[in-house]
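S.K.: Sequence:
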Amino acid sequence: MPLIGHINASTHPIYDEPWLHNVADRILTYRTVEAASEENVRHIEELELARQKTGQPDREKHLLDYTLLLRQCDASGAPPSYGIRRMPRYRAAPTSMKAVMVTPILLAVLSSVAIYFSIGHLTMLSILRVPTARKRGGCCFQGILWPHKNIEPLANFYTEKRIGFVDSLAWDLVSTSEQPLGDEWTVLPAIMQHIGGKSSKETTLAPISRGDDRGRETMEFQLRVEQA
689 MPLIGHINAS THPIYDEPWL HNVADRILTY RTVEAASEEN VRHIEELELA
739 RQKTGQPDRE KHLLDYTLLL RQCDASGAPP SYGIRRMPRY RAAPTSMKAV
789 MVTPILLAVL SSVAIYFSIG HLTMLSILRV PTARKRGGCC FQGILWPHKN
839 IEPLANFYTE KRIGFVDSLA WDLVSTSEQP LGDEWTVLPA IMQHIGGKSS
889 KETTLAPISR GDDRGRETME FQLRVEQA
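Taking the working numbering, the leading residue of the sequence shown gets 689, the next gets one more, and so forth.
Watch out, some of these pointers could steer you wrong.
The calculated BS3-like cross-link candidates involving lysine-lysine, where the alpha carbons are at most 30 Å apart (straight line), are [as the list claims (entries may be wrong)]:
(1) 849 <-> 837
(2) 749 <-> 849
(3) 749 <-> 837
(4) 741 <-> 837
Since the hints were made in silico from the structure, they are not lab data.
All figures in this text were calculated on a predicted structure; none of them were measured in a lab.
Assemble the whole structure, with the sequences as input and the hints as a guide.
M.R.: Laid out in structure tokens, this is it:
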């Protein structure tokens with residue numbers, strides 16, 4: 689559910705790209721985001737015009753965009769799928785395995801492992817992605833996951849601060865809040881991919897290095913090109 693960060697969405701360079709409409713369940717614009725008031729939209733338009741004049745990234749607009757997207761995601765009612773899944777099949781497996789001979793299974797497992805790695809695990813299965821507590825020093829490249837209960841205090845904190853980096857402000861709130869918010873969560877390996885060669889934290893275009901966030905890449909993105 690990406691948000692097109694232009695008042696006139698059709699002017700955004702990726703808005704007409706076929707892959708965007710194939711990948712996204714819903715494409716948000718400032719005119720379709722229920723969380724955006726008319727006052728918000730007018731202020732965003734002013735910020736957009738100011739950026740066009742100066743050419744400098746606007747941290748206030750970045751934070752406002754992210755706050756709107758947070759509220760919209762919370763309003764979607766998406767279930768906390770990782771917390772409500774039931775796996776009776778896996779819990780019952782140890783009991784059913786008692787009736788099976790151990791030696792043939794071990795031989796079959798060893799043979800399967802050898803075949804699996806000789807073919808290549810990416811050929812056989814996609815990378816298993818799991819929620820992981822985000823470490824200090826990570827970045828928004830990781831794609832932070834927020835439970836429903838944290839959306840309101842986080843969105844209010846962003847609204848109060850108005851200007852700042854999404855990841856840095858989130859860490860400030862998590863580490864200083866009187867009410868424990870728990871860990872920040874992300875999915876590893878990364879499900880996010882930088883698009884473009886310029887970071888929002890830069891004012892000039894610099895070469896991408898291997899240690900740069902933009903130089904990190906999940907191999908699976910290359911496997912999904914044809915599907916998109």
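S.K.: Taking the hints in turn, state whether each one holds.
M.R.: Verification of the supplied hints:
1. 849 <-> 837: 20 Å, holds
2. 749 <-> 849: 12 Å, holds
3. 749 <-> 837: Judged against 30 Å, a Cα distance of about 24 Å means the pair holds.
4. 741 <-> 837: Violated, at about 39 Å.
Comparing the model with each earlier hint shows a violation of hint 4 alone; every other hint is respected.
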